[in-house]
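There are 2 protein chains.
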Amino acid sequence: MDERRLKELIEEKKYVTLKKELEELNQVDIAELLEKLDVYTALLIFRMLSKDLAVEVFSHFSVEQQRNIIGLVTDKELKYIVEELFFDDMVDIIEEMPANIVKKILKHAKEEERSLINQFLKYPPESAGSIMTIEYVDLKKHMTVGDALNHIKKTGLDKETVYTCYVTDENRKLEGIISLRKLVISDEEKTIEDIMNKDVIYVHTHDDQETVANIFKKYGFLALPVVDKEDRLTGIITVDDIMDVIEQENTEDFQRMAAMAPSEEKYLDTDILTLAKHRILWLLVLMISATFTGRIIMKYEGVLQTIVVLTAFIPMLMDTGGNSGNQSSTLIIRGLALGEIELKDAGKVLWKEFRISVIVGFMLAVINFFRIYLFDTVGPLVAFTVSITLFLTVIISKGIGSLLPMAAKKLNIDPAIMAGPLITTIVDAISLILYFKIATLILGI
Amino acid sequence: MDERRLKELIEEKKYVTLKKELEELNQVDIAELLEKLDVYTALLIFRMLSKDLAVEVFSHFSVEQQRNIIGLVTDKELKYIVEELFFDDMVDIIEEMPANIVKKILKHAKEEERSLINQFLKYPPESAGSIMTIEYVDLKKHMTVGDALNHIKKTGLDKETVYTCYVTDENRKLEGIISLRKLVISDEEKTIEDIMNKDVIYVHTHDDQETVANIFKKYGFLALPVVDKEDRLTGIITVDDIMDVIEQENTEDFQRMAAMAPSEEKYLDTDILTLAKHRILWLLVLMISATFTGRIIMKYEGVLQTIVVLTAFIPMLMDTGGNSGNQSSTLIIRGLALGEIELKDAGKVLWKEFRISVIVGFMLAVINFFRIYLFDTVGPLVAFTVSITLFLTVIISKGIGSLLPMAAKKLNIDPAIMAGPLITTIVDAISLILYFKIATLILGI
Chain A
1 MDERRLKELI EEKKYVTLKK ELEELNQVDI AELLEKLDVY TALLIFRMLS
51 KDLAVEVFSH FSVEQQRNII GLVTDKELKY IVEELFFDDM VDIIEEMPAN
101 IVKKILKHAK EEERSLINQF LKYPPESAGS IMTIEYVDLK KHMTVGDALN
151 HIKKTGLDKE TVYTCYVTDE NRKLEGIISL RKLVISDEEK TIEDIMNKDV
201 IYVHTHDDQE TVANIFKKYG FLALPVVDKE DRLTGIITVD DIMDVIEQEN
251 TEDFQRMAAM APSEEKYLDT DILTLAKHRI LWLLVLMISA TFTGRIIMKY
301 EGVLQTIVVL TAFIPMLMDT GGNSGNQSST LIIRGLALGE IELKDAGKVL
351 WKEFRISVIV GFMLAVINFF RIYLFDTVGP LVAFTVSITL FLTVIISKGI
401 GSLLPMAAKK LNIDPAIMAG PLITTIVDAI SLILYFKIAT LILGI
Chain B
1 MDERRLKELI EEKKYVTLKK ELEELNQVDI AELLEKLDVY TALLIFRMLS
51 KDLAVEVFSH FSVEQQRNII GLVTDKELKY IVEELFFDDM VDIIEEMPAN
101 IVKKILKHAK EEERSLINQF LKYPPESAGS IMTIEYVDLK KHMTVGDALN
151 HIKKTGLDKE TVYTCYVTDE NRKLEGIISL RKLVISDEEK TIEDIMNKDV
201 IYVHTHDDQE TVANIFKKYG FLALPVVDKE DRLTGIITVD DIMDVIEQEN
251 TEDFQRMAAM APSEEKYLDT DILTLAKHRI LWLLVLMISA TFTGRIIMKY
301 EGVLQTIVVL TAFIPMLMDT GGNSGNQSST LIIRGLALGE IELKDAGKVL
351 WKEFRISVIV GFMLAVINFF RIYLFDTVGP LVAFTVSITL FLTVIISKGI
401 GSLLPMAAKK LNIDPAIMAG PLITTIVDAI SLILYFKIAT LILGI
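As they're listed, the protein sequences go chains A and B.
Residue 155 in the UniProt record's numbering sits at position 155 of the first sequence, with consecutive numbering throughout.
Residue 235 in the UniProt record's numbering sits at position 235 of the second sequence, with consecutive numbering throughout.
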C-alpha cells in the first residue's frame with residue numbers, strides 16, 4: 001500500500017479493506033503513511049488499528065504527530081498508550097512534549113512508574129541512562145531452564161528484548177546473562193547458574209553513549225546491561241537504539257568538522273533561525289582570525305608591489321595547504337572516533353604523516369613548478385619560490401592537521417572541532433609568512 | 001586479564017590458570033590479547049582453547065594474524081576451523097588471503113561449500129550478497145511450533161542467528177518469517193503458517209549495502225533475508241555486520257568529503273605509499289583548478305596595484321566563502337546519505353539555504369565593515385567593497401554548497417565528492433571576480 005492507495009481507500013470509505021491492508025504492513029511503514037494525512041483523518045485510521053499495533057505505530061510517529069494525537073485522543077485511549085509504550089519510548093516522548101501534555105501523560109502513569117520517569121529524566125543527555133529501557137527479562141540463578149522458558153512465555157511480549165536475559169540476586173545485583181539461544185538449546189532440567197555467562201560486559205548509567213556504541217560495535221551484542229553506582233541492574237540498551245546513536249554521533253562529527261554547532265534535529269525540520277545560529281559563531285571566529293592573514297599581507301605589501309605576480313599564487317598555496325591539512329585531520333579525527341588510533345600512537349602518526357607529506361608535497365611541487373614555469377610564463381625563480389613554498393606548506397599543514405586533533409583529545413576537547421576550517425585558517429597564516437620569507441630570500445627583494 | 005597478566009602467566013608457564021582465566025573472557029577480547037603476542041606464543045595459547053572457542057577467536061583475528069595462524073596449523077586443525085567458521089567469515093577470510101592459503105582452505109571445504117564460496121566471491125563488493133551468510137534457521141509452514149523449537153534446538157548452535165527464522169517452500173522461495181520470541185510465547189500445537197509474518201521485507205543479492213543499512217536503521221531489525229532474482233532465499237544479513245557497514249559507509253563519506261579516495265583499511269595498518277596515492281589525485285586536481293583563481297588575479301593586476309590594501313582581504317573572503325559553502329554542503333550530503341533529504345526537496349532546500357545565507361551573510365558583512373573600518377584604518381569605501389563582496393560570497397557559496405550535492409545525486413555520483421574542497425575552489429574564483437568587479441565599480445578604478 002502506498003500513499004495514493006491509502007487516500008483512495010479513505011475517499012471511497014473502504015475502511016475494512018483499508019484496515020486489512022494496513023495491518024499487513026510493518027508498523028514503521030504504517031506510521032510513515034499516517035504522517036501523510038491530515039491529523040483528523042490520521043486519528044480516524046489510527047483508531048481502527050488493533051490496540052497493540054496502535055501503540056507500536058504511535059511510538060514511530062514524529063514528535064509533532066505524537067503531540068497532535070495526544071491532544072485529540074480520549075483519556076482512556078491515552079491511558080492505554082501510556083501503559084503499553086516501552087519505557088524508553090515514553091521517556092523520549094516526555095522529553096519532547098510541552099508541559100501540559102507531559103502532565104496529561106503522567107496522570108496515566110502508575111505511581112512507581114512516575115518516580116522512575118523522574119529518575120530517568122535526570123540522566124545526563126547522551127548518557128547510557130538516557131537511552132536505556134527497563135523492560136528486560138529478569139531471571140534467578142536457581143531457576144531451571146524450563147522455569148526460565150515459562151517465565152519468558154508469560155512475560156516476554158512486554159519486554160524490549162527476550163534474546164538476552166539477565167540474572168540478578170535479591171538486591172538486583174547483576175550475576176550473569178544468558179541468551180535465549182542458549183536456553184532453547186539447553187536441557188530443561190539444568191539450572192540457570194550452570195549455563196549462564198558470569199563474565200558480563202556492562203556499562204554504568206553515566207557512561208557516554210559513544211562508549212556504549214563502541215562496545216556494541218566491538219562485540220556485536222544485541223543488548224547491553226546498564227548498572228548504577230552500586231552495581232545494581234537498572235536497565236538495558238538494545239542494538240536498534242544504538243544504531244540511532246551511531247548515526248547521531250557521526251552526524252555531530254560531520255557538523256563539527258564543517259564548523260557548525262551540532263544539532264540533533266533533522267535538517268528539513270529545523271527552522272532557518274536555528275540553522276543560522278548554529279553556523280554564524282564559527283564563521284565569525286574564523287573570519288576574525290583571518291585578520292592575521294590580512295595583516296601579514298599588508299606587512300609584505302612592498303614585496304607584492306615589486307613582483308605583483310606573486311599575488312596570483314596566494315589562493316593556490318592557501319587552498320592546497322588547507323586541503324592537505326584537511327585530509328590528515330579527517331583521517332586522524334575519524335581514527336580517534338572509531339578507536340583505531342589512540343593517543344599513544346601520536347608518534348607513529350606524526351612520523352607517518354611526515355613521510356606522506358614529503359612524498360605528496362614533492363610531487364605537487366614538481367608538477368607545479370613546470371606548470372607555472374611553462375604556462376604562466378613567469379621566471380624560473382618565481383616558479384621555484386612558489387614550488388618550494390608549496391612543498392613546505394604541505395608538510396606543515398599535514399603536521400598541524402594530525403597534531404591538533406590529538407592535542408584536542410588529550411585536553412578532552414572533541415577532536416572533530418580541529419577539522420578543516422580551523423586548520424585552514426592556521427595554515428593560511430603560516431604559508432603566507434613562508435611564502436614572503438622565501439620570496440625575499442630567493443628573489444632578493 | 002590484561003596484556004601484562006597474560007605475559008606474566010606465560011612466563012611463569014602457569015598454563016592451567018591462563019586457560020581458565022582466558023576462557024572467561026569474551027572471544028573478541030581473547031583475539032585482541034593474542035594479537036599482542038609473537039605468532040608462535042599466540043599459536044601455543046590458541047591451541048589451548050577449547051575447539052569451538054578457538055574458531056570464534058580465529059574469526060576475530062586481524063587478517064595478518066589469520067594468515068600467520070593458517071600458515072602454522074596442521075591440516076587437521078585447519079580442517080576443523082574451515083568446517084566450523086561461519087560462512088560469511090570464511091568468505092571474508094578467503095577474499096583477504098594470498099592464493100596459496102586460499103588453496104589450502106578450499107582443500108578442506110566440502111564440495112558443495114566450495115561451489116557456494118565461488119558463487120559468493122562473485123557478488124559485487126559492497127552488495128548485499130557480499131555481506132550475507134548462509135547459516136539461517138529454515139522452517140516449513142506445516143511444522144508446529146513444537147517441531148520448530150525442536151529443529152532449532154538441534155541445529156541452532158551452528159546458525160548465525162536463531163532469533164529470526166525463515167519459512168521457505170520446496171523451491172526455497174521465501175514464504176514468511178517468524179521470530180524466536182513469537183515461537184517461544186506461542187502455543188506448541190499451532191502451525192508455523194498460522195503465526196508467521198507473511199509481509200516480509202527483504203533485499204536482493206545485488207542491492208547496495210547502504211540500502212541494506214538504511215532498512216536496518218528504519219525498521220530496527222536484527223536480521224534481513226536476501227533473495228536472488230528468482231526470489232529464492234539465498235542468505236541473511238545480521239545486525240552486527242550492518243554496524244560495520246554503517247561505520248564503513250560513514251568513513252568513506254568522511255574521506256570523500258576531505259578530498260581523498262576512500263579506503264577500507266585502518267589508518268595505522270595502511271602503508272604510506274597507499275595513503276599518499278589516496279590523497280595526491282584530488283590535491284593535484286584542486287591545485288590545477290586553482291590556476292583559474294591565479295588568472296583572475298593577474299587579469300585585475302591593475303586594480304591591485306592601484307589599491308594594494310585590497311589584496312589583504314583576499315584570504316578572508318576566500319576562507320569565509322569556503323567555510324559557508326562547506327557548512328551547507330555537509331548538511332545536505334549528510335541529509336541525503338541518511339535519507340532525510342530527497343531530490344524532490346531541492347526547491348525547499350535552496351529556498352531555506354538562501355534565507356539562511358542572507359541572515360548569516362548580512363551579520364558577517366556588518367561586523368566586518370566596522371571591524372576593518374575601525375581597526376584596519378581603510379576608507380569607508382574599501383570597507384564597503386569588502387563587506388558587500390562578503391555578503392554576496394556567503395549567499396553564492398551556500399547556494400553552490402547546497403546545489404552541487406543534489407546535482408551529483410541526480411547524476412548518480414556520490415554527493416560526498418561535492419564537499420568542501422571542491423566547493424572552496426569554485427567559490428574562490430567566483431568571489432574574486434565579484435570582488436574585483438565591485439571594487440572597480442565602487443572605487444571607480
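FYI, nobody ran anything at the bench for these hints, they're computed from the structure.
Be a bit skeptical, because a hint or two may be false.
As the list makes no split between identical chains, a pair holds if one copy fits it or if it spans any two.
As the list claims (entries may be wrong) - DSBU-like, lysine-lysine: derived pairs with alpha carbons at most 30 Å apart:
(1) Lys266 - Lys348
(2) Lys140 - Lys198
(3) Lys141 - Lys229
(4) Lys79 - Lys154
Structure-based check of each hint:
Taking the shortest alpha-carbon separations for Lys266 and Lys348, only the inter-copy value of 14 Å comes in at or below 30 Å, while the best intra-copy value is 39 Å. In this homomeric assembly, Lys140 and Lys198 come within 30 Å of each other (Cα to Cα) only inside a single copy, at 13 Å, whereas the closest approach across copies is 36 Å. In the homo-oligomer, the alpha carbons of Lys141 and Lys229 lie at most 30 Å apart inside one protomer (23 Å), although the nearest pairing across protomers, at 49 Å, exceeds that limit. Proximity of Lys79 and Lys154 under a CA criterion of 30 Å is satisfied intra-copy only: 23 Å inside one chain copy versus 44 Å between copies.
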